[in-house]
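K.L.:
What follows is each chain in one-letter form.
2 protein chains.
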Amino acid sequence: MKKNVPIEKRTTFRHGDLRNALLTAGLEMARVGGPNAVILRETTRQAGVSPNAAYRHFANQSALLDAVRSACISQLAAAIEDEMKKCRPRRDPQVFARKSLRAVGMGYLGFAMREPGMFRTAFSVPPPIHSPDPANTASMGLNPFQLLSLVLDRMQESGLIKGKGREGAEYLAWSTVHGLALLVLEGPLHAMPPQMVLALGERLVVMVERGLS
Amino acid sequence: MKKNVPIEKRTTFRHGDLRNALLTAGLEMARVGGPNAVILRETTRQAGVSPNAAYRHFANQSALLDAVRSACISQLAAAIEDEMKKCRPRRDPQVFARKSLRAVGMGYLGFAMREPGMFRTAFSVPPPIHSPDPANTASMGLNPFQLLSLVLDRMQESGLIKGKGREGAEYLAWSTVHGLALLVLEGPLHAMPPQMVLALGERLVVMVERGLS
DNA sequence: CTACGATGTAAACATCGTCCACATACATTA
DNA sequence: TAATGTATGTGGACGATGTTTACATCGTAG
Numbered sequence: 001m002k003k004n005v006p007i008e009k010r011t012t013f014r015h016g017d018l019r020n021a022l023l024t025a026g027l028e029m030a031r032v033g034g035p036n037a038v039i040l041r042e043t044t045r046q047a048g049v050s051p052n053a054a055y056r057h058f059a060n061q062s063a064l065l066d067a068v069r070s071a072c073i074s075q076l077a078a079a080i081e082d083e084m085k086k087c088r089p090r091r092d093p094q095v096f097a098r099k100s101l102r103a104v105g106m107g108y109l110g111f112a113m114r115e116p117g118m119f120r121t122a123f124s125v126p127p128p129i130h131s132p133d134p135a136n137t138a139s140m141g142l143n144p145f146q147l148l149s150l151v152l153d154r155m156q157e158s159g160l161i162k163g164k165g166r167e168g169a170e171y172l173a174w175s176t177v178h179g180l181a182l183l184v185l186e187g188p189l190h191a192m193p194p195q196m197v198l199a200l201g202e203r204l205v206v207m208v209e210r211g212l213s
Numbered sequence: 001m002k003k004n005v006p007i008e009k010r011t012t013f014r015h016g017d018l019r020n021a022l023l024t025a026g027l028e029m030a031r032v033g034g035p036n037a038v039i040l041r042e043t044t045r046q047a048g049v050s051p052n053a054a055y056r057h058f059a060n061q062s063a064l065l066d067a068v069r070s071a072c073i074s075q076l077a078a079a080i081e082d083e084m085k086k087c088r089p090r091r092d093p094q095v096f097a098r099k100s101l102r103a104v105g106m107g108y109l110g111f112a113m114r115e116p117g118m119f120r121t122a123f124s125v126p127p128p129i130h131s132p133d134p135a136n137t138a139s140m141g142l143n144p145f146q147l148l149s150l151v152l153d154r155m156q157e158s159g160l161i162k163g164k165g166r167e168g169a170e171y172l173a174w175s176t177v178h179g180l181a182l183l184v185l186e187g188p189l190h191a192m193p194p195q196m197v198l199a200l201g202e203r204l205v206v207m208v209e210r211g212l213s
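Just so you know, the protein sequences line up as chains G and X, in that order.
Reading the first sequence from the start, the letters are residues 1 to 213 in my numbering.
Reading the second sequence from the start, the letters are residues 1 to 213 in my numbering.
It is worth saying that the hints were derived from the structure and are not from the lab.
None of the values given here were measured: they were computed from a predicted structure.
Don't take each hint at face value.
27 Å max Cα-Cα, derived BS3-like pairs, lysine-lysine [to be verified]:
| hint | chain 1 | residue 1 | chain 2 | residue 2 |
| --- | --- | --- | --- | --- |
| 1 | G | Lys-85 | G | Lys-162 |
| 2 | G | Lys-164 | X | Lys-164 |
| 3 | G | Lys-99 | G | Lys-164 |
| 4 | X | Lys-86 | X | Lys-99 |
| 5 | X | Lys-99 | X | Lys-164 |
| 6 | X | Lys-164 | G | Lys-99 |
Work the whole structure out from these sequences, hints included.
P.N.:
Here it is in structure tokens:
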């Protein structure tokens, strides 16, 4: 058991960018081991700094975790955006809307499978994802919830959702994919092969699409 | 901050039922504060015993948590059973099947809202709910997954699910309700009023029912 | 009755989060 | 330029947790 702490002894007294270094280290720990793995002392170790130095930049480890969580949510938003960009507007706006919904759902699920630690961190405890906190967004300036709302609007405008079907649609759609993701990540579907998970995801998206009309 | 540790000093050297006492204490902690709140030393304190005594009954705190988790899953199964018992067989087996599916879904969701700590504990990390471990069951001897399978069989037998619709139906149905539960418990839907959550749950069940045909 | 295995105790260690007092470097200003 | 103040990092300490090692005590089987 060797310490894998390649601290290059800093020559300057100041670190220069400590807050960022701590955050980066914490994000990596979250990536590897989920929310419980983000250890305050360890981040300072990796930054080559004494433990208390962290308290100049974060009120406590909970505040550090909050920052890490925001970063995770941003990455999730980015993953969804990537998937959305793959589908360009079409002649038929309904096709576009459907593809968009699928993109959000599968982007969400894909990120969960690709980065389980970050995904679990993103949703550990009460993330203020609802409020448009810029810290939770990616290049489009929208958080995952807002991205979902966007594509649902597209579906409504193109006539795929009628009348009251739009109300609360975010929650219905979100629940399905979120549930599958968590059952796979830290639930009894742990051993399910990724290919099958994705196939289930597709079926869920279709189910949502039909369920909203 | 007073210690609420009513340890009645035991007169005998042996405790008599320590393993069970630790488990009970741990379950209560999980109930109140979720998986992270089950502290090994605290369970021994409440049992009026030295910390190391726990190691005679559990390999480590992870093993203790596993046992607590199993208890939580059992309670979940019991809650679902309770809801299922409310709907008696009817003339029309399709009505019965539909009511049964609703019972499982709403029983699941209701337990999550009534006992958030236990619910979160039940699904923290890798629960072996899939394998028919008797530790996870309630009076019917079925774990939550098997209860769901049961009502889905009912739907198939009554003709509500046809052909390939039955394949993987457990996962589709489960994902939806599980997702809603977690979004509410430790997600962005944290502030949603319970009444609205239940209404969403009903819509989800209907959506699943239609989506499986 | 004796010896052994199961159960509980005592003491100790490493790690973690956190607080307090102190040290150092940079920037602003007199 | 020199003084001073503030932001930043250090050192040491405390209590809590999980865990290990050695020891004590009881019930029981031979």
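K.L.:
Each hint: holds or not?
P.N.:
Going through the hints against the structure:
no. : hint                  : in the structure
1   : G/Lys-85 / G/Lys-162  : holds, 26 Å
2   : G/Lys-164 / X/Lys-164 : violated, 31 Å
3   : G/Lys-99 / G/Lys-164  : holds, 22 Å
4   : X/Lys-86 / X/Lys-99   : holds, 9 Å
5   : X/Lys-99 / X/Lys-164  : holds, 22 Å
6   : X/Lys-164 / G/Lys-99  : holds, 24 Å
In the structure shown, a violation is registered for the earlier hint numbered 2 alone.
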